[in-house]
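Enquirer: Following the hints, position chain D against chain W.
For the record, the sequence lines run as chains W and D.
For the first sequence, our numbering assigns the number 11 to the initial residue and increments by one for each residue that follows.
For the second sequence, our numbering assigns the number 10 to the initial residue and increments by one for each residue that follows.
Because the hints were derived from the structure by calculation, they are not lab data.
We put the CB at the ideal spot given by N, CA and C, even for glycine.
Do not take every clue at face value.
Okay, derived cross-link-like pairs now, BS3-like style, lysine-lysine, Cα gap no bigger than 30 Å in a straight line [what the hints assert, rightly or not]:
#1 W/67 - D/122
#2 D/69 - W/67
#3 W/67 - W/27
#4 W/79 - W/28
#5 W/27 - W/79
#6 W/27 - W/81
Distance ranges between label pairs, derived from CB positions [to be verified]:
#7 W/27 - D/118: 31 to 41 Å
#8 W/38 - D/51: 18 to 28 Å
#9 D/49 - W/96: 16 to 26 Å
#10 W/79 - D/29: 18 to 28 Å
#11 W/28 - D/21: 41 to 51 Å
#12 W/71 - D/80: 20 to 30 Å
#13 W/49 - D/65: 23 to 33 Å
#14 D/48 - W/20: 15 to 25 Å
#15 W/80 - D/85: 24 to 34 Å
#16 D/79 - W/23: 38 to 48 Å
#17 D/37 - W/20: 21 to 31 Å
#18 D/77 - W/112: 16 to 26 Å
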Amino acid sequence: EAQVTQNPRYLITVTGKKLTVTCSQNMNHEYMSWYRQDPGLGLRQIYYSMNVEVTDKGDVPEGYKVSRKEKRNFPLILESPSPNQTSLYFCASSYYGTHQETQYFGPGTRLLVL
Amino acid sequence: GDSVTQMEGPVTLSEEAFLTINCTYTATGYPSLFWYVQYPGEGLQLLLKATKADDKGSNKGFEATYRKETTSFHLEKGSVQVSDSAVYFCALSDRGTGGFKTIFGAGTRLFVKA
Chain W
11 EAQVTQNPRY LITVTGKKLT VTCSQNMNHE YMSWYRQDPG LGLRQIYYSM NVEVTDKGDV
71 PEGYKVSRKE KRNFPLILES PSPNQTSLYF CASSYYGTHQ ETQYFGPGTR LLVL
Chain D
10 GDSVTQMEGP VTLSEEAFLT INCTYTATGY PSLFWYVQYP GEGLQLLLKA TKADDKGSNK
70 GFEATYRKET TSFHLEKGSV QVSDSAVYFC ALSDRGTGGF KTIFGAGTRL FVKA
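With the rest of the complex left out, here is chain W (with noise of 0.2 Å):
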């Protein structure tokens, strides 16, 4: 079955513990993107990956860091969260090619930083 798969699904932490979300397709996608949804603000894009060992930031990408050292895998770490990083987070990944970008979306990491 296709999909985007991300872990964890739910995670509590406290301020400055380090944390890595992972992000896998088996797609063979060469796109893959972080964003965070907050209410109100819908979606907004924190880093993408146009292939291997190419990334790029996005709206947001203060306070996260990501690598892209294989295909189907774009984890997304935040070095020292604050509270302010408290959302919901999702993991996409599409074909890279002209008007290829729909984006499949895994199923969400709901993040809370104490």
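Expert: Relative to the frame of chain W, chain D by itself:
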């Protein structure tokens, strides 16, 4: 920069009523336009898309037409069902020199009463 504005919700309708959710955009290039739907507790999934001016996207009775002259992509459905209750997001993908970013609207929550 690029942006997407969609009507605020929530929208509450009775079953079989006509639905319109307005969406307007600003973009420097020639974006593709999307409507995504998010059911409770799930990630987003593509509802329909249009890749150039005057294209009409359609799926599951929903339709939207890419209007370049009014920079709009309004979502319509002739007869809503209780199962259509969800949050609807308008989005655009605009290709830049290094890849493409996706901009989402804030989302419109739809409640359909039996």
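Enquirer: The structure should be examined with respect to each hint, and the outcome stated for every one.
Expert: Outcome of the hint check:
| no. | hint | verdict |
| --- | --- | --- |
| 1 | W/67 - D/122 | 41 Å, violated |
| 2 | D/69 - W/67 | 35 Å, violated |
| 3 | W/67 - W/27 | 23 Å, holds |
| 4 | W/79 - W/28 | 20 Å, holds |
| 5 | W/27 - W/79 | 23 Å, holds |
| 6 | W/27 - W/81 | 27 Å, holds |
| 7 | W/27 - D/118: 31 to 41 Å | 33 Å, holds |
| 8 | W/38 - D/51: 18 to 28 Å | 23 Å, holds |
| 9 | D/49 - W/96: 16 to 26 Å | 20 Å, holds |
| 10 | W/79 - D/29: 18 to 28 Å | 45 Å, violated |
| 11 | W/28 - D/21: 41 to 51 Å | 43 Å, holds |
| 12 | W/71 - D/80: 20 to 30 Å | 27 Å, holds |
| 13 | W/49 - D/65: 23 to 33 Å | 31 Å, holds |
| 14 | D/48 - W/20: 15 to 25 Å | 18 Å, holds |
| 15 | W/80 - D/85: 24 to 34 Å | 42 Å, violated |
| 16 | D/79 - W/23: 38 to 48 Å | 46 Å, holds |
| 17 | D/37 - W/20: 21 to 31 Å | 39 Å, violated |
| 18 | D/77 - W/112: 16 to 26 Å | 20 Å, holds |
Checked against the numbered hints above, the structure breaks hints 1, 2, 10, 15, 17 and satisfies the rest.
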